[in-house]
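Chemist: Take a look at the letters that make up each chain.
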Amino acid sequence: MHGQVEAIIENIEKVMIGKREVAELSIVALLSGGHVLLEDVPGVGKTMMVKALAKSVSADFKRIQFTPDLLPSDVIGVSIYNPKSLQFEFRPGPIMGNIILADEINRTSPKTQSALLESMEEASVTIDGETLQIKRPFFVMATQNPIEYEGTYPLPEAQLDRFLMKIQMGYPTAQEEVEVLRRTVNSEPIAHLNPVITLEELLALQEEVRNVFVEDSVKSYIVQLARATRNVSEIYLGVSPRASVALMKASQAYAKIQGRDYVKPDDVQYLAPYVFGHRIILKPEARYEGVTTEGIIHRIVEKSVIPIQRYAER
Amino acid sequence: MKKNSFKLVELALYYIVIFFILREWLIPIMELTKTGFIGLILLFVAISLLLSLFRIHFIISWVVKIAYITWFITFIYGGVFFFSTEGMYFIIDDLQVNFAALLQGDWLGITNPFRTFLFFILIWMLVYLIHHWITVRMSIFYFLILTVFFIATLDTFTQYDGSFAIVKVMLLGLLITSLLFLKRLVIQSNSKINLIKYTKLMAPVVVLIGVISIIAVLLPKSPPQWPDPIPFIQSATGQGEGIEGEGNGISKVGYGENDSRLGGSFVADDTVVFLVESETKQYWRVETKDIYTSKGWEQSNYFDGELLNFAPDETIRHSLPVGPEENTNMATVQVLYPYNFIIQPYGMKSVDIDVPNFDNQTVELMMERNTEKMQVLVNRGVVQLNEFTVQYSKPVYLYSELQNPTEQIDASITERYLQLPETLPDRVRELAAEIVEGRETPYDQARAIELYFRQSGFRYDTEDVAVPSEEQDYVDQFLFETKVGYCDNFSTAMVVLLRSVGIPARWVKGFAGGDVVDNNGSMSTYEITNNHAHSWVEAYIPNVGWVNFEPTIGFNSTRSIDFDIETDVEQQDELVAEEETEPTEVIEEEREEQQQSASQGNTWFTNVKEMFEQIKLFVIALIVLLIVGAVLLYKWRGKWWPKVYVKLQRQKKIDESTFESFYLNLLKLLEMKGFKRKEGQTLEAYAKDVDMYYETYHMTNITKAYEQFIYAKNSTNIDFDKMRESWEYLINRTTS
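As they're listed, the protein sequences go chains A and B.
Residue 266 in the working numbering sits at position 266 of the first sequence, with consecutive numbering throughout.
Whatever position you read off the second sequence (first residue = 1), add 314 for the working numbering.
Any given hint could turn out to be false.
To be verified - FRET-style restraints, in silico, Cβ to Cβ:
| id | chain 1 | residue 1 | chain 2 | residue 2 | range |
| --- | --- | --- | --- | --- | --- |
| 1 | A | His192 | B | Thr1049 | 52 to 62 Å |
| 2 | B | Met1006 | A | Ser109 | 14 to 24 Å |
| 3 | A | Gly259 | B | Leu940 | 54 to 64 Å |
| 4 | A | Glu302 | B | Asn1031 | 29 to 39 Å |
| 5 | A | Glu302 | B | Asp469 | 51 to 61 Å |
| 6 | B | Asn1031 | A | Phe88 | 55 to 65 Å |
As the list claims (entries may be wrong) - Chain B is nowhere near these chain A residues, computed Cβ spacing over 12 Å in every case:
| id | residue |
| --- | --- |
| 7 | Lys14 |
| 8 | Gly33 |
| 9 | Gln87 |
| 10 | Asp161 |
| 11 | Phe213 |
| 12 | Ser233 |
| 13 | Tyr236 |
| 14 | Ser244 |
| 15 | Arg287 |
Keep in mind the hints are simulated off the structure, nothing from the lab.
The beta carbon of each residue, even a glycine, is placed where N, CA and C say it ideally should be.
Looking at chain A on its own, in the form it has when it is part of the complex (with noise of 0.2 Å):
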């Protein structure tokens, strides 16, 4: 593994029992220049994560807590008039920062939602004509809270896209659940982090990760998962080549993390369902049969033909 990366998640894992896996794809997204979107019930430690990953990297970290009152300016800034320049002065929003967390972010209306996703894709913001650019490395992570309906905002398919994954947090084991009693009994251990890598390192290590390399039989393999996607039954949708493109970056940030300069089909084999998951649009009827998007996904690559041999044209 890593050795920064390593640190990282050992820095996480003081806060988080358990949640090692969860910590390593946060990170890959991270690396890939991704976003993420968490999701699960509220209470398994999903803001704890994005906190923890945030304070182990020294950036900017800024929180906002989405409510249907929220408006996109108080997402991306608003100019305000100064009488003593008399001027319009832009006050940045919470956005403008290097990891933020988007919290409950189903919770908010559709318009400040995708003032939030447009920046996302774009890494920028353009206030009154003005386009400002988001400064790197930036880095959403999103929590939903899948189970209230009660006034939410689901996000569209098409929002859903510009997540890189959307990982699922889960319960921790009985034993982890002690663990985790035991460590905040008479104190809380988010507040003794520190950072273990400086944002030039984080960049650096960005820079890394686009030069993993990436063979053509695995970027085949890619898209022939890809393609699978579209031709299943059950499914109404397909994923798009975003999504190849996404599987492959994420990918490369998996690799680097493993240690390795090139992309093996285990990474895109591990990886996919995270990618992929979220962007597949499953029949109504299919939903009732109580299909998921993660069973199909997982026979997709099971049938999938990995590429054991050297690509011919090298």
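Given the coordinates of chain A, work out where chain B should sit on it, guided by the hints.
Modeler: Chain B in isolation, oriented as in the chain A frame:
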């Protein structure tokens, strides 16, 4: 020492059982192929088994076996001992003939000695295989299954009765399988065993087998549940319709000994058998036959097997007339085929054999008086000649004498040569009487019969020739039903017709004159092939003796007649036209046919086809065996392929260029071992499974490198020596 002797006894026990099982294999083969000397062949089996029992060094063992085989062949076929000059010559000649035959693809031209040789080699291989099964695999089950199948098949499809043999094989098979099972048990349990223990263990098995067999014998048995498959198969394949009896099927043309069942088609064979250098073209007699059986020809033993011996160059006494002294000619005959008889021209006077290697040995000519077949004896053993010279003077029959039936024919001739089967239908006799009606003299009558075939819608053909059924008469069928046939049909029919009208006649076998291939002054060289094998007729004409007749359409008579009396001019013209005084010329149509068949015979395809016709059953059995073998080989590839593969791969180096094939083959090998990788399973996951099973890390090691090799940008840092190490380890684990 004691342990060794015990092992020897044990092995000897197996071999004794095996010997008896092999005997059950050989007996039906011998019976069906009408091969004799089973005792000597079993002796060979015994010798082979003994040699492998005592682990005799293979060189000695080979020498012994080869010596035995050559002794057998020279003794049985040549009647000479191998360790003598003739023996050597016999072997060398035989090898030459067979290699020539093999090279030409003439499978049927292979001589019997060579076939015997191949048969011995087969037995040799079988013994070796059994040795391997017993000592290495310690399992003989497949051999037993095969034996049972073999006997069952023969029992079903041939006259061989295997009902007792199959019981014997079952009993012996049970015995040897249990013996071997015991041996495997002993080896597995790693326990020491001695004779007493062994006997104690074996006793219940033997008792059990005994009890089972007694019960099996005593129990009532139901009759066969399935009908006999043979009639069904025949009707399904369209065989057995109209053609019955043993003589059906297609045979190859050539000189054969057995004429007891005539009929059936044959295919051409243009193998050159004799080269004759002579001034005249003539028929060449080999032998005569006298008893017509309604199916074919047999030989009576009128002269009680009397043999006439002559020295080379001595005047030979025979039953035929000889021409005048001044007409004496010489013919040199080269024998190019393993025929061991002398071909005789009409008017033969003497035979000269000039073979240098027979110096200082008694060389005799022997004539079997019943058939007038001549052979050459050296030291009282029949030999095959390469060349001989015949002096002959062709008989010239005076027309006046032919037409002068005053002589009373000797009883010895009428007695012998007027025989006809009692079952001969009356219409044959009636036809004969009809044909000769109005002809006064026996010669004219014979001429009428000779010419009858040419005028009554008969056709010459070698194909579509019928075989008489059990109730049918060969001649009757030809004369009244089919009217299609070749020389045997015509000549036999003529003999029967002649005898029906009271003219003594006999059936002659030999060769027609052949084709001219070279001219040298007055001498011509005639090439006689197996296609020229022929049969014709000799009739006894009072005052003159035996005169040859040629009833077969397409062949012309070779008699020389001196028209010494005044006849009606018209009649004489007719006679001259009919009686070719020149040596036979095959008529045009016939010649074309011969050439056609010869050119067909030339092609390899026809050879193979005809061979296939003959050995159809065998080929089908072989194909089935091959398919079964291939399927089994494929099924058990996990057992043998890794060993072969590893042997091949060990010599190769693992490097950048070969790594991929090494790894992919390793995957295949593991798959054969049951590690099936699903297409969607990554190599890493697969490697973990494999390593988990073998409790090692080598598969992961080699897989990591391979993944780098195929997925990474550069793979320069792969340590191929380590890869070799891991590979060797995995190979050893998988193949052990």
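Chemist: Take the hints in turn and mark each one as holding or not.
Modeler: Right, here's what the structure says about each hint:
1. A:His192 / B:Thr1049: 52 to 62 Å: Holds - the Cβ-Cβ distance for His192 of chain A and Thr1049 of chain B, about 58 Å, lies within 52 to 62 Å.
2. B:Met1006 / A:Ser109: 14 to 24 Å: violated (54 Å)
3. A:Gly259 / B:Leu940: 54 to 64 Å: holds (55 Å)
4. A:Glu302 / B:Asn1031: 29 to 39 Å: holds (33 Å)
5. A:Glu302 / B:Asp469: 51 to 61 Å: holds (54 Å)
6. B:Asn1031 / A:Phe88: 55 to 65 Å: About 59 Å separates the Cβ atoms of Asn1031 of chain B and Phe88 of chain A, which means 55 to 65 Å holds.
7. Lys14: holds (30 Å)
8. Gly33: holds (22 Å)
9. Gln87: At roughly 53 Å from the nearest Cβ of chain B, Gln87 of chain A sits farther out than 12 Å, so the non-interface label holds.
10. Asp161: Consistent with the label, Asp161 of chain A stays out of reach of chain B, its closest Cβ about 26 Å off (over 12 Å).
11. Phe213: The claim is violated: Phe213 of chain A sits with its nearest Cβ about 4 Å from chain B, within 12 Å.
12. Ser233: holds (19 Å)
13. Tyr236: Holds: least Cβ distance 24 Å, greater than 12 Å.
14. Ser244: holds (17 Å)
15. Arg287: Answer for Arg287 of chain A: holds, closest chain B Cβ roughly 25 Å.
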